[in-house]
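Number of protein chains: 2
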Amino acid sequence: MTVPDISSAANPRIKALVRLRNRRERDAAGRFLIEGYRELARAIDGGVSIETLFTCPELYLGDNDVGLAARVVATGAELVAVAEEPFRKASYRDRPEGLLAVAVQFPTGIDRLDLTGTPLLLVAEGIEKPGNLGTMLRTAEAAGATGVIVADATTDPFNPNVVRASLGTLFTVPLAIAASAEALGALRAAGIRVVATTPAGEAAHFATDLTGPTALVVGSEQYGLSTAWLEGADQRIVIPMPGSVDSLNAAMAAGIVLFEAVRQRAIASSADDTG
Amino acid sequence: MTVPDISSAANPRIKALVRLRNRRERDAAGRFLIEGYRELARAIDGGVSIETLFTCPELYLGDNDVGLAARVVATGAELVAVAEEPFRKASYRDRPEGLLAVAVQFPTGIDRLDLTGTPLLLVAEGIEKPGNLGTMLRTAEAAGATGVIVADATTDPFNPNVVRASLGTLFTVPLAIAASAEALGALRAAGIRVVATTPAGEAAHFATDLTGPTALVVGSEQYGLSTAWLEGADQRIVIPMPGSVDSLNAAMAAGIVLFEAVRQRAIASSADDTG
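Those protein sequence lines, which keep their order, are chains R and H. Okay, so the first sequence: first residue is 4 according to the numbering used here, each after it adds one. Okay, so the second sequence: first residue is 4 according to the numbering used here, each after it adds one.
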């Protein structure tokens, strides 16, 4: 075991890590935190620029951590070994896994998204809970979505809770942040059908064709979608609920409509194969 | 404003409320906590026996709280007015709403469930996170499920985080706790088709008939389903994911298969109407 580079919780670099939990600090520094094995692995896969990797090998869970740390260092990151006590202080988790990185915030302009072909996009408007946004990103990745647009963001996607709840899919699903008017304009210009999910929808989600270029729009749990999306949408759909309406959270609603699109596309694709 | 019954955070009844966050204390007392407007309203709807209602009218969010408190008292509950400081100490929430009740734990035997007709059941095996169990209950209610069976429970459904994440649907969706063998036996005896959700499923969830008496079984995020369910199931289904497989959490998987059953049943029912 080598001597750690940082052995005291009073080290200014540990304090700087704790400060990055705060949005103002993140925005001022243009940096954010990535913690955990899966999150870091996806960050490398997604080409995120990692500035510094803080490690605490005593906390590693398995044999893969050493290799992942080497992969991070190979991208040009500084490696800093930290003793257990200061690492626990810097960690955002109850059970730290010994891997905590500072990364450079990446651009989130809507021009990042490839809107050609037959995209399947998720638009999330005004989502307030980082956990919900993270779950939406994770689910959009599972559904093979082309990208996620966060419209009128109230949650900072670089929030450590988004990184965590997304399991790092934040780095692999193309993500854009835009005002609702800008997003609606870009979708229209690209000929993408805008489908708003709302309790007042005129058609069931499963009775609506989602096989073409489609943007599925979901609103916040508390306020639903704004009139910009409700009136600007090409179609308003509802998820029929035999039970009570307030029992579906925003991320769950997003997952149900995304996987209905997956179902329709799988069936259309197998019909093409046999036709 | 009347004088509160409890004005000090050192009051033994406040301490007793805090202790009920602990499972051993809950089990020993046969009691649990219900906090918040929607949760309490659903508890009354679900016939839960509320022993004591602690209120802090200074924290009420709206005009309905007084009426709800009156409804709770009308069921026979003792009413205890609490000053703001001790109420905040007793509250489990960051933003207390002034309503916190002690209720009697209700029976959770599998005989509570009505397995006749064409039930749609959700079986959740080994779920560890209270938030996931709560979300499953909430989603099962939205889907109009007949009931939820918690198999080989590692999470206490009377955990305050289950009450909260379920928004109180814990009290309105029939809930049973059972060992996996007992649950499987009861489902078989009732002629209910057991459909296990697993990455190794032989058919897509949407290519499987879910319109008959059906129990949809989902496992824990970390370990998936046990062999008892995988081998005991009448069918094993998979949710096809164009993206990466570890990106769907257990509650999301449950919601996607539940709402696929809702879709199939809605279509079958409209076909019946026109046939």
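Think of the hints as simulated: they come from the structure by calculation, not from any bench. Keep in mind that the hints are not guaranteed to be accurate.
Given that identical chains are not distinguished, each listed pair holds provided it fits within a single copy or across any two copies.
[What the hints assert, rightly or not] Simulated pairs of lysine to any residue, SDA-like, Cα-Cα distance not exceeding 20 Å:
| no. | residue 1 | residue 2 |
| --- | --- | --- |
| 1 | LYS92 | LEU233 |
| 2 | LYS132 | PRO99 |
| 3 | LYS92 | GLY50 |
| 4 | LYS92 | VAL241 |
| 5 | LYS18 | ASP30 |
| 6 | LYS132 | ARG98 |
| 7 | LYS132 | ARG16 |
| 8 | LYS132 | ARG96 |
**Study point:** Hints not upheld, ascending by number
**Key:** 1, 3, 4 and 7
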